[in-house]
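Visitor: So you can see what is in the structure, the chains are spelled out below.
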Amino acid sequence: MIIAERKPMEEIRQMIAPYKKLLLAGCATCVAVCWAGGEKEVGILASQLRLDQSKGRKKISVLEATVERQCEKEMVEELRDKVQEVDAVLSLACGSGVQTMAEMFEDKPVFPAVNTTFIGMPEREGLWVEMCGACGDCFLDRTGGICPIVRCAKGLLNGPCGGMRKGGKCEIDPEKDCAWVLIYRRLEKQGRLDLMREYYPPKNYRAVKRPGRIQAAKA
Amino acid sequence: MNSCIVAFCCEHSAYPAADLAGKLKLHCPESLRIIRVPCAGRVDVIHILKAFENGAVAVLVLGCEDGACHHITGNTRAKERVKYCNMLLKEIEADGRHVAMFNLSPNEPHKFVRAVNEITKRIKESGR
Amino acid sequence: METKIGIFLCNCGEAIRNIDFAATKEEVAQIPGVSCVNLSSNLCLKEGKEKMISCIKEENIEKVVVAACSPEFKEHIFRQVLEDAGLNGHLFSTANIREQCSWVHDGDVTGKAVELIKMAVNRARLLQPVEKKKFAVNREVLVVGGGFAAINAALQLSRVGLRTTLLEREAILGSETAELGSLCGFDISSMMSEVEGDENIEILTSAEVTAAAGKIGDFTVRIRKGGDEASHKYGAVVLATGYQTKLALESELKSDVNIVSQKKLCRMLENPNLEIRPRTIGFMFDFSDENSRLPTLATLNNALAAKQKWDSEIYVFCKSLKVDGPGAEKLYREARDCGVVFLKCEARPRITAGNGRVKIEAKDVFLGEDTILACDLLVAEELLLPSEGTEALSSLLNIRRDSRGFYQDENVHLYPVASEKKGIFFVGGCRGDLDLSRVLTDVSSVVVSVYELLSSGNILAEVERVKVDPQKCVACLTCIRVCPHDAIQLVRVDGGKEVAEVFDLACDACGICAAMCPAKAITFQGYRDEEILAQVETIEES
Amino acid sequence: MESKNVLVVGSGISGVASALELANAGVNVYLIEKEAVVGGHSASFCCKATDVCSRCSACVVPDKIREAVINPRIRLLTNSTIKKLSGDLGNFRVEITQQPRYIDVEKCIACGLCTEVCPADPKAVYPPTVEATPFCYILDEALCLRFKGEKCDICRENCPTRAIEFELKPKEQELSVGALIVATGFDVFDAKEKGSLGYGRYPNVLTGLDLEQIFGREGYLRLSINGKEPRNIAFIQCVGSRDEDHGYCSQVCCKYAMKLAGLIKYQSLDTKVTIFYIDLQTAGKGFAQFYEEYKESIRFVRGVPVEILQTASGDLEVRFEDISQGKVCRDTFDLVVLSVGITPGKNSWGLARILGINLADDGFFDTKDSLSSNETNVDGIFLAGTCQGPKDIPDSVAHGIAAASKTIQALGGVASQRRGNHRGH
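Protein chains in written order, with the numbering used here: chain A, 291 to 509; chain B, 27 to 154; chain C, 34 to 575; chain D, 3 to 427.
Since the hints were made in silico from the structure, they are not lab data.
A hint or two may mislead.
Said to hold, decoys possible - Using 27 Å as the maximum straight-line C-alpha spacing, the simulated DSSO-like pairs for lysine-lysine come out as follows:
1. C:Lys363 / D:Lys194
2. A:Lys508 / C:Lys530
3. D:Lys329 / C:Lys396
4. C:Lys167 / D:Lys6
5. D:Lys196 / C:Lys363
6. D:Lys173 / C:Lys352
7. B:Lys51 / C:Lys107
8. C:Lys505 / A:Lys372
9. B:Lys109 / A:Lys297
10. C:Lys296 / C:Lys279
11. D:Lys267 / B:Lys147
12. D:Lys348 / C:Lys363
13. D:Lys125 / B:Lys51
14. C:Lys58 / B:Lys51
15. B:Lys116 / A:Lys348
16. B:Lys150 / A:Lys348
17. C:Lys377 / D:Lys297
18. D:Lys230 / B:Lys147
19. D:Lys173 / C:Lys79
20. C:Lys107 / D:Lys36
21. A:Lys297 / C:Lys505
22. A:Lys349 / B:Lys51
23. A:Lys349 / B:Lys150
24. B:Lys116 / A:Lys310
25. C:Lys79 / D:Lys109
26. D:Lys109 / C:Lys107
27. D:Lys267 / C:Lys352
28. B:Lys51 / D:Lys109
29. D:Lys297 / C:Lys279
Produce the complete structure using the sequences and hints provided.
Guide: Here it is as structure tokens:
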């Protein structure tokens, strides 16, 4: 799922400085599951903004709303009347949610309150780890299900690099396991070590058109 | 009269300790408001922030001793949330030390009074 | 239409004098939703309660607020009063105006009393009823283990009428209890025949648990026995897997024939046609593991037996004798009287073995200089460890272990035999080093605990006190991971998506899941966010 | 069916634990207690937590007492003792005498008016200790003017709930029960018997029990003579255990001494603590971590001192044999704590005669055979807690629960014999 992290208060404060009435819009799926922008976090941020006593802060009024998914036009539509009442919108959804909101309500400024970081999974409750870099050309089949682009610090396709530390740790970060050692061990377990001998040409990132568009064949 | 202190008291340890302090006639500030919760782990960050929004000067979360929680991890959860609240308050330049978690057991009324005196001392120091 | 709330004040026999009850009554009557305010001097006694019941019925009050002393000793009385008056016991909120108001402040505290009552009324307004229901439970018990504790537990459970399955990893039952039997002087053959003959006990040997799921009253355990796996249903699980010992010796000494473990010495003592008779025997314990009392008991029993059988010279090297068990001091004195020499040393003695003798160098505290003893046989120090499979089974059952790896978290509220997950119990050596009498006490404790739970075939519990709203739940598994009692599981809702569901019997109503749920999908009756925030908001009005 | 009632004698932690298990299993319980309050010794023990719980189980006691007091199946009779017993397993008849309790437990609401108005000096009616349950005021015959012949009636008039009654005679009543559980507990060893240690003569020589109650009531330790914090404390182990006339280890003294020492070190790190011991009993669940943590910061000296003398300045000079140098030497401390052990209750001999159960050679009640620690030589009478031998709180609770279990099995057995099939279905 998409993992996000709330922006530091200093940044948020600069964004909303000129505005008196705000709407805090949460999203109840991905960012809620990673404790960044769900209904609960909207309540906490709203409460913080109301309590803000830093120098020169005038009293602001904050509305709170959370929709099921902010990346769906129909769901964002439900907030239309609330958006009319306020001067600006602070969205706690991931990047696509903020942009859907900005597109639907062009007359009002929409600000992001969280940084959308990566696609990942919880290692344990409260700790999320990046797993996929969304490079558009998945080749996990050849690395035993471990993505070196994300989990190798240098993103090598034909690793491991020469600098690997003792115990299979990464040259750059001693705590981190070297991705290619993990790949080697797993392929060894599956008896597919011959994949390590194959050479993979460098990826052509220019070929990937940004922004990506996928047209479903059946629609 | 807005120097009010809200104390979330766990019904296994802090609430009976407060009652014992009552039986011993140990005085505590009149602005103390005790809210009974089944476990310190039930108190959420939003409850603490809403208490401040409603005019509380300080918030106390009182749970069982570390390792003696009836629900095993309740007091540890509460401790983590209070630390998160300290950080949230520091972010908005409010005094982070106005939220505190103390551990006590049901037969220790003096620890309850000491916790309340400690938070009152912190309020006086920060001049509110 | 506003719910009708009845307030019952109690001035504790006119003893609470620093609250002006008349003024309080007047001010509290204006709170929206309050339909009647009564003042009584002894609400918790008989006539106070009768007046309360009649008032609730006449004014047909829906929610009750009692402003009196601490709910700690009186809450159950007033809940009973509500039930007698035909109201659900949960529609009840208290304001503690005695111990936490009148007794702890000087001067007039009417203001604070009124505010405490307002807080209680704000909470009462939102309270919702919670029904109780009898949940049917499976009356079968699974006892894991085959040692002394497991067999005794199974026997006593069947005696109180509960069908038991005894699951043993080894091929035969009670393998190491044989030594224990001779060590503590009772014959286990009668016990073994009784357990085999009991048609209430099903014995599965060389079997092990491969998967476990479910909650109290409805555990599903997959058991592999000889190739095929089958899953069985149980109401409770009792773990009695005992402990294992490992010689605390440098590896090269382990192979020496003159260095034995306590068990091996036991077997040597029993075997009638033993040819060698050790002249001097050395015992050693309490150096690398200072928290176990079993090495001391084993040493004292074996030393006495060896003295009696072979009349050999016996030297015991230890740091502190652990005699905090019943009868241990008596054994220690008996051993001293018949000539066993006890040497107390601060540091661990150095051991060298060669040509059929074992040399022990140690500095005895009282003698003050190094003593070197060459003995025929050395009973080396043993470390007490949890039996194999403890780690695996505890992760299968998702239960916690203590700091030394034994079962049962070191939380004092779980003693003697409970786990933090209702329906799972621990007996005997598997939860720490217990001598024989404590094992037998554990067995009786677990029998009555299981009897209470399962004997009637159903358990009365509150229905949906903590409930997950399937619409709001996004199955993020946070609640399942944080629940200390493992009472929540993923469930498929009428064929559709999977959501979390709280198992009412296993839930201990602590509210940790309600606080952690990122989607605010868990309601905890009596302490919902709205009910707590309602009490917080009363501060603003003051 | 009368065999569904059980009498529990003594309401210490093991009696309360037995009563609770019996009540939860559907048995009606009479819980009789000779004192005016429930809880026995363990109710007055303090919590010895540093920043982590030290697993002493003292906080389990108030929880269990509260559960027992509010349990509908448990009938509590305070100030009561057994006079006579007859019958056998399944139908015992027990005569109970209840000493008059001039203040009715049901009616008293602990308002404190009676103490205010009482003319006697010192006050003849006073509140019980703080942790007491039931929290009912106590009228002391010895101090009350009315029992000295004066016509004083002030407290009865002022009592708002008419709870005070003077003309009360000891009440006799007969209970018919199916089984008995004896949980009469222990007596703390009277440290005055070891005269050379100066307990009772020197104010700064305390016992373990005194320290528990000081920490329980005030929460911190002050020297009684000058109110200052003690800087140098000694614990002396095995006072009244493992000696000539107490041939057993009381099991609890090493544990409570080390945990109190841990609490003292936690409250003020620079206080020096020394523990004089014979064999350090550090076994038991939850003790490993604690011992590791305090092994270095506490000074352990092997060998128990024999004499304590108070110097002019009020310090205490302890004479002991320093084994490392092999000669007698003196060390001065400003506070010495005698870790007193567990001794059999004084009136266990009387109760044993009434019930017909045997006493073991060390003075505790004897058990039927070495393997069973609950059954006595009389069928239907079971033992729970320290009246059968020294135990700490977790073991006493476990022993109480085990006694309840054996009682239910015995009663179950009786019920089935009546129904004619030998298996207890």
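Visitor: Compare the structure with each hint and give your call.
Guide: Hints, verified against the model:
A hinted pair counts as satisfied when its Cα atoms are at most 27 Å apart, and lysine 363 (chain C) with lysine 194 (chain D) qualifies at roughly 26 Å. Distance hint between lysine 508 (chain A) and lysine 530 (chain C) is fulfilled; the C-alpha atoms sit about 25 Å from each other, no more than 27 Å. In summary, the hint linking lysine 329 (chain D) to lysine 396 (chain C) is supported, as the alpha carbons are separated by about 18 Å, within the 27 Å threshold. At roughly 23 Å between alpha-carbon atoms, lysine 167 (chain C) and lysine 6 (chain D) fall within 27 Å of each other, so this suggested pair holds.
As the CA atoms of lysine 196 (chain D) and lysine 363 (chain C) are separated by approximately 23 Å, the hinted pair is consistent with the 27 Å bound. Taken as a hint, the lysine 173 (chain D) and lysine 352 (chain C) pair is broken in the structure, with Cα atoms around 56 Å apart against an allowance of 27 Å. Distance restraint check for lysine 51 (chain B) and lysine 107 (chain C): the Cα-Cα separation of roughly 20 Å lies within the 27 Å cut-off, and the hinted pair is therefore satisfied. A hinted pair counts as satisfied when its Cα atoms are at most 27 Å apart, and lysine 505 (chain C) with lysine 372 (chain A) qualifies at roughly 22 Å.
For the hint linking lysine 109 (chain B) to lysine 297 (chain A), the alpha-carbon distance of about 18 Å falls within 27 Å, and the restraint holds. Note on lysine 296 (chain C) and lysine 279 (chain C): the hinted pairing holds, with a Cα-Cα distance of about 11 Å set against a maximum of 27 Å. As the CA atoms of lysine 267 (chain D) and lysine 147 (chain B) are separated by approximately 25 Å, the hinted pair is consistent with the 27 Å bound. Straight-line distance between C-alpha atoms of lysine 348 (chain D) and lysine 363 (chain C) comes to about 22 Å, which keeps the hinted pair within the 27 Å bound.
For the proposed pair lysine 125 (chain D) and lysine 51 (chain B), the alpha carbon gap of about 18 Å is at most 27 Å, so the pair holds. In summary, the hint linking lysine 58 (chain C) to lysine 51 (chain B) is supported, as the alpha carbons are separated by about 25 Å, within the 27 Å threshold. Using a Cα cut-off of 27 Å, the hinted pair lysine 116 (chain B) and lysine 348 (chain A) holds, with the two alpha carbons roughly 18 Å apart. Note on lysine 150 (chain B) and lysine 348 (chain A): the hinted pairing holds, with a Cα-Cα distance of about 26 Å set against a maximum of 27 Å.
For the hint pairing lysine 377 (chain C) with lysine 297 (chain D), the CA-to-CA distance comes to about 18 Å; that is within 27 Å, so the pair holds. Taking the CA atoms of lysine 230 (chain D) and lysine 147 (chain B), the gap is about 24 Å. The hint holds against a cut of 27 Å. About 23 Å separates the Cα atoms of lysine 173 (chain D) and lysine 79 (chain C), which keeps this hinted pair within 27 Å; it holds. Note on lysine 107 (chain C) and lysine 36 (chain D): the hinted pairing holds, with a Cα-Cα distance of about 25 Å set against a maximum of 27 Å.
A C-alpha spacing of about 26 Å is found between lysine 297 (chain A) and lysine 505 (chain C), which places the hinted pair at or below 27 Å, so the restraint holds. Annotation: proposed proximity of lysine 349 (chain A) to lysine 51 (chain B) is violated, straight-line Cα distance about 42 Å (limit 27 Å). Using a Cα cut-off of 27 Å, the hinted pair lysine 349 (chain A) and lysine 150 (chain B) holds, with the two alpha carbons roughly 25 Å apart. With a C-alpha separation of about 23 Å, the suggested pairing of lysine 116 (chain B) with lysine 310 (chain A) holds against the 27 Å cut-off.
Distance hint between lysine 79 (chain C) and lysine 109 (chain D) is fulfilled; the C-alpha atoms sit about 10 Å from each other, no more than 27 Å. At most 27 Å may separate the alpha-carbon atoms for a hinted pair to count; lysine 109 (chain D) and lysine 107 (chain C) meet this at roughly 14 Å. About 24 Å separates the Cα atoms of lysine 267 (chain D) and lysine 352 (chain C), which keeps this hinted pair within 27 Å; it holds. Among the hinted pairs, lysine 51 (chain B) with lysine 109 (chain D) is consistent with the structure: their alpha-carbon atoms are about 22 Å apart, no more than 27 Å.
This hinted pair checks out: lysine 297 (chain D) and lysine 279 (chain C) have alpha carbons roughly 25 Å apart, not beyond 27 Å.
Violation of the numbered hints given earlier is confined to hints 6, 22; the remaining hints are satisfied by the structure.
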